[in-house]
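Q: Sequence:
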Amino acid sequence: LAVADLDMAIQLGSEEAKTWNLRALAQRCIKNYSAAIDDLTEAVAKDPTNVDFVFNRSQCYHETGEYDLATADLHQALALRGTPDPLLLYHRGLSQYALSNSGADGSVCEKALEDLRSAVENKLGMPQLPDCHYHIGLACANRERHDEAVDAFSEAIQLAPDMTPYIHERAKSLQMIGRFQEAIIDFTRVLRTHPKNSHAYFRRAFAHKSQGMFEESAQDFETAKAIAPENPLLVVNYFQLHTTHVIELCKAGQEVY
Numbered sequence: 001l002a003v004a005d006l007d008m009a010i011q012l013g014s015e016e017a018k019t020w021n022l023r024a025l026a027q028r029c030i031k032n033y034s035a036a037i038d039d040l041t042e043a044v045a046k047d048p049t050n051v052d053f054v055f056n057r058s059q060c061y062h063e064t065g066e067y068d069l070a071t072a073d074l075h076q077a078l079a080l081r082g083t084p085d086p087l088l089l090y091h092r093g094l095s096q097y098a099l100s101n102s103g104a105d106g107s108v109c110e111k112a113l114e115d116l117r118s119a120v121e122n123k124l125g126m127p128q129l130p131d132c133h134y135h136i137g138l139a140c141a142n143r144e145r146h147d148e149a150v151d152a153f154s155e156a157i158q159l160a161p162d163m164t165p166y167i168h169e170r171a172k173s174l175q176m177i178g179r180f181q182e183a184i185i186d187f188t189r190v191l192r193t194h195p196k197n198s199h200a201y202f203r204r205a206f207a208h209k210s211q212g213m214f215e216e217s218a219q220d221f222e223t224a225k226a227i228a229p230e231n232p233l234l235v236v237n238y239f240q241l242h243t244t245h246v247i248e249l250c251k252a253g254q255e256v257y
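Residue 1 is where the sequence shown starts when you use our numbering, and the numbers rise one by one after that.
No lab work stands behind these hints: they were computed from the structure.
Mixed in with the good hints there might be a few duds.
To be verified - Straight-line C-alpha distance at most 20 Å; calculated SDA-like pairs for lysine to any residue:
1) Lys111 to Leu124
2) Lys31 to His75
3) Lys196 to Ile247
4) Lys225 to Ile177
5) Lys225 to Leu249
6) Lys46 to Gly65
7) Lys111 to Leu129
8) Lys196 to Glu255
9) Lys251 to Ala228
10) Lys251 to Ile177
11) Lys18 to Gln59
12) Lys196 to Gln219
13) Lys196 to Asp162
To be verified - Just the calculated beta-carbon pair ranges, DEER-fashion:
14) Asn231 to Ser107: 46 to 52 Å
15) Asp105 to Glu215: 42 to 48 Å
16) Glu16 to Arg143: 30 to 36 Å
17) Ile177 to Asn32: 42 to 48 Å
18) Glu16 to Cys250: 45 to 51 Å
19) Arg143 to Pro84: 20 to 26 Å
20) Leu249 to Gly103: 33 to 39 Å
21) Lys123 to Ala4: 37 to 43 Å
22) Thr83 to Pro48: 16 to 22 Å
23) Ala45 to Leu249: 30 to 36 Å
24) Gln219 to Gly103: 45 to 51 Å
25) Pro195 to Glu15: 33 to 39 Å
All C-beta atoms, glycine included, are put in the ideal place defined by N, C-alpha and C.
Using the sequences and the hints given, assemble the complete structure.
A: As structure tokens, then:
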């Protein structure tokens with residue numbers, strides 16, 4: 001109904017940029033992204049200094065996986081704003097992080113980290129702040145900087161203590177820096193709320209092994225395999241595990257619940 005009303009306004013000759021922006025927002029709500037982007041491009045053409053129009057288009061690009069275009073729009077929005085707006089920095093960080101996961105070189109991930117940390121420094125508020133710390137942690141973990149990742153995940157957990165992905169990723173990074181008992185505690189927290197999470201059992205099995213808790217380790221390996229028998233990565237040869245510290249099943253941020 002909103003789209004139809006705004007169609008009518010435009011057909012009747014409305015030249016106001018905000019009309020095109022409003023129709024774009026309605027199109028985005030129903031995931032008609034192509035039409036939303038077209039409308040926002042028209043809105044930007046009519047009012048090229050409006051930060052909101054550029055930001056709204058960036059979100060459409062991000063939600064359709066066009067992270068390079070989202071990043072470009074957020075560069076433009078920040079330039080128009082003229083100040084280090086924490087919300088724009090956060091979203092540009094997210095787009096650059098997603099771009100780095102899509103095959104871009106490591107420098108893009110570093111730029112994402114810079115933006116996300118700058119968003120925190122510039123007083124990013126709730127509800128985005130926990131997710132910002134979480135993505136700082138993901139970026140650090142995927143760059144093998146697990147000490148930094150643990151700190152960031154801990155900040156996220158302090159703000160949102162019941163978010164399973166935050167706890168799970170901290171457990172994995174704790175394990176990577178040899179803090180096995182703390183990792184076991186976090187993996188166990190994950191399994192209390194997601195008792196069928198084969199990845200958490202599998203990673204906890206290695207943490208138990210590192211602590212010399214071989215019976216518990218074997219039980220976790222077998223549980224992981226029983227939960228997801230179709231996953232060959234969960235099948236281990238116990239005789240070959242002696243020198244294996246851990247087997248990573250996916251990148252940070254790619255766990256499924």
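Q: Give a verdict on every hint.
A: Now for the hints, and whether the structure bears them out:
no., hint, result
1, Lys111 to Leu124, "holds, 18 Å"
2, Lys31 to His75, "violated, 24 Å"
3, Lys196 to Ile247, "holds, 19 Å"
4, Lys225 to Ile177, "violated, 25 Å"
5, Lys225 to Leu249, "holds, 13 Å"
6, Lys46 to Gly65, "violated, 26 Å"
7, Lys111 to Leu129, "holds, 18 Å"
8, Lys196 to Glu255, "holds, 13 Å"
9, Lys251 to Ala228, "holds, 19 Å"
10, Lys251 to Ile177, "holds, 16 Å"
11, Lys18 to Gln59, "holds, 17 Å"
12, Lys196 to Gln219, "holds, 14 Å"
13, Lys196 to Asp162, "holds, 17 Å"
14, Asn231 to Ser107: 46 to 52 Å, "violated, 34 Å"
15, Asp105 to Glu215: 42 to 48 Å, "holds, 45 Å"
16, Glu16 to Arg143: 30 to 36 Å, "violated, 46 Å"
17, Ile177 to Asn32: 42 to 48 Å, "holds, 46 Å"
18, Glu16 to Cys250: 45 to 51 Å, "holds, 47 Å"
19, Arg143 to Pro84: 20 to 26 Å, "holds, 23 Å"
20, Leu249 to Gly103: 33 to 39 Å, "violated, 20 Å"
21, Lys123 to Ala4: 37 to 43 Å, "holds, 41 Å"
22, Thr83 to Pro48: 16 to 22 Å, "holds, 19 Å"
23, Ala45 to Leu249: 30 to 36 Å, "violated, 47 Å"
24, Gln219 to Gly103: 45 to 51 Å, "violated, 39 Å"
25, Pro195 to Glu15: 33 to 39 Å, "violated, 58 Å"
Taken one by one, the earlier hints fail for this structure at numbers 2, 4, 6, 14, 16, 20, 23, 24, 25, listed in ascending order.
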